[in-house]
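Generate coordinates for the entire structure from the input sequences, incorporating the hints supplied.
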Amino acid sequence: MADEATRKAVSEIPLLKTNSGPRDKELWVQRLREEYLALIKYVENNKSADNDWFRLESNKEGTRWFGKCWYIHDLLKYEFDMEFDIPVTYPATAPEVAIPELDGKTAKMYRGGKICLTDHFKPLWARNVPKFGLAHLMALGLGPWLAVEIPDLIAKGLIQHKEQQNNS
Amino acid sequence: MATVEELKLRVRELENELIKCKQKRCAEKDAGGSQKHYRQRIEKMSAEVVDSNPYSRLMALKRMGIVEDYERIRSFSVAVVGVGGVGSVTAEMLTRCGIGKLILFDYDKVELANMNRLFFQPHQAGLSKVEAAEHTLRSINPDVSFETHNYNITTMDNFTHFMDRISHGGLQEGKPVDLVLSCVDNFEARMAINTACNELGQIWMESGVSENAVSGHIQLIIPGETACFACAPPLVVAANIDEKTLKRDGVCAASLPTTMGVVAGILVQNVLKYLLGFGSVSHYLGYNAMQDFFPTMSMKANPQCDDHYCRKQQEEYKRKEAERPKQEVVVVEEAQVVHEDNEWGIELVSEVTEEELQAASGPKPDLPEGITVAYTIPEKVNAPAGEMVEETEQSLEELMSQMKRM
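Chains A and B supply the protein sequences, listed in that same order.
Quick note, in this note's numbering, the first sequence goes up one by one and the last residue is 168.
Quick note, in this note's numbering, the second sequence goes up one by one and the last residue is 406.
Hints were generated in silico from the structure; no laboratory data involved.
Values in this document were obtained by computation on a predicted structure and should not be read as measured data.
Where is the CB? At the ideal position from N, CA and C, for every residue including glycine.
Errors might be hidden in some of the hints.
Label pairs and their in silico Cβ distance ranges [to be verified]:
1) A:Gly104 with B:Ser401: 34 to 42 Å
2) A:Gln30 with B:Phe294: 42 to 50 Å
3) B:Pro257 with A:Asp24: 35 to 43 Å
4) B:Glu387 with A:Gly104: 36 to 44 Å
5) A:Glu79 with B:Leu18: 44 to 52 Å
6) B:Leu61 with A:Gln30: 22 to 30 Å
7) B:Tyr151 with A:Gly104: 19 to 27 Å
8) B:Met388 with A:Lys25: 18 to 26 Å
Below, the structure is given as structure tokens:
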């Protein structure tokens, strides 16, 4: 499923209890609180492991999420905006995370810059409904994707470091 | 002063406007400046065999005793969700068959990368798929009424509207559509259609082509009676390809116009049989292009389905079945054809360690040769391994701002 570091990080993310989606009114608020608690814990864990790599926030209904993620390569920080909607069928189906600015630069993306997750992400998610939340999506979906794609995009010259770009 | 974002949006709008104008001019040129290529609407389908009758060969189905009443086709409204490789061809077939009304849903635009598939043409690049499709389809058959929606059905606002159109978009406004066809390319959209149809008790057909383009399937879903999309893990046609030799590096999906055309063909065939009442309607029909094998089966709804509307529909179905006189028992038996021996030991869950596999594999439904599940889900355990979120006094707003400050 993933490397040892990812496994460890995932095992330290608290699991969610409430099985409810954005169409359930009050239960969704409860689920959202759990989502935030898990995300806060995951970001704290990342910080203490010196591996802070993303920020997320949502609209007040918790249906639309946006934020930043970054990847360090050769001591340089590459930062990207990310966004996704919570599908009506959440948490039975995971949201599709998009990095619009990378759209068209890699084949491992669907239209609109939605990242193409590996074959085993979906079974893994399906087996862990409703315990997995957005923090797990970050750790098992976006994180591994960045780790594979960003170095490749840099090597191919398809993305440049923003400051370097400005200096030149 | 307008912000950069607003200006960007405006540029996009103007670009769209320009594409539309160009299209219109092309169409006018094609038509030689006259309306010669566009036929008038036809009030009543005629069976007369003359060169000018677009319905003569279809009406011949009656004379040959295949279909009892072909004209009924005009009384049906069908929703096609996803107007891509399968959906566009499906819509074209139904248009040529003279369907009463088509409602098209898709949020995507036509791209040059779609040109390995049927239906769309290079000059339509940039247009929304539903708009481009409506334009072409209307010129093929102006007797069909069209309704198009250019949005993603899986988001909150759109989903409500989607449900409303399924339940009110019949030929006679206010009545539900007769059939929903899923021609989408992803799990999320299929689950959204499934959710809507379970809630509404709407009969629908699902279709799909595998990401490696060499297998596909169609499935009839009658809420409460046949298995819904959430009753079992996604069913897949076993491709008999060694997973280790299947290279996925660098691409998400492959596609072939052939496989998509075949799947659209068997889908619409099933639609016609279902709507017009001829032949036997397939509950599940798979297509394995590597071996040219077409497995079929039928699967009953799962009493433990996660979708509670599915369970509710099952109750309803049971109640109705109990009320019915005995003669209907035949139908129930037909729904049980599933149980053939399944000698296949193929486990599609690869790239997973042994322990993970053991911990994670669950019961597999009894499926005929050639059909399997994309993955299995273990039986629910009451005490999950791992730490759960701790309850706090903090409100959602407090948590949101805490996250924001991090």
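| Violated hints, by number in ascending order, as checked against the structure | Numbers 5, 6 - these are the hints that the structure violates, sorted from lowest upward.
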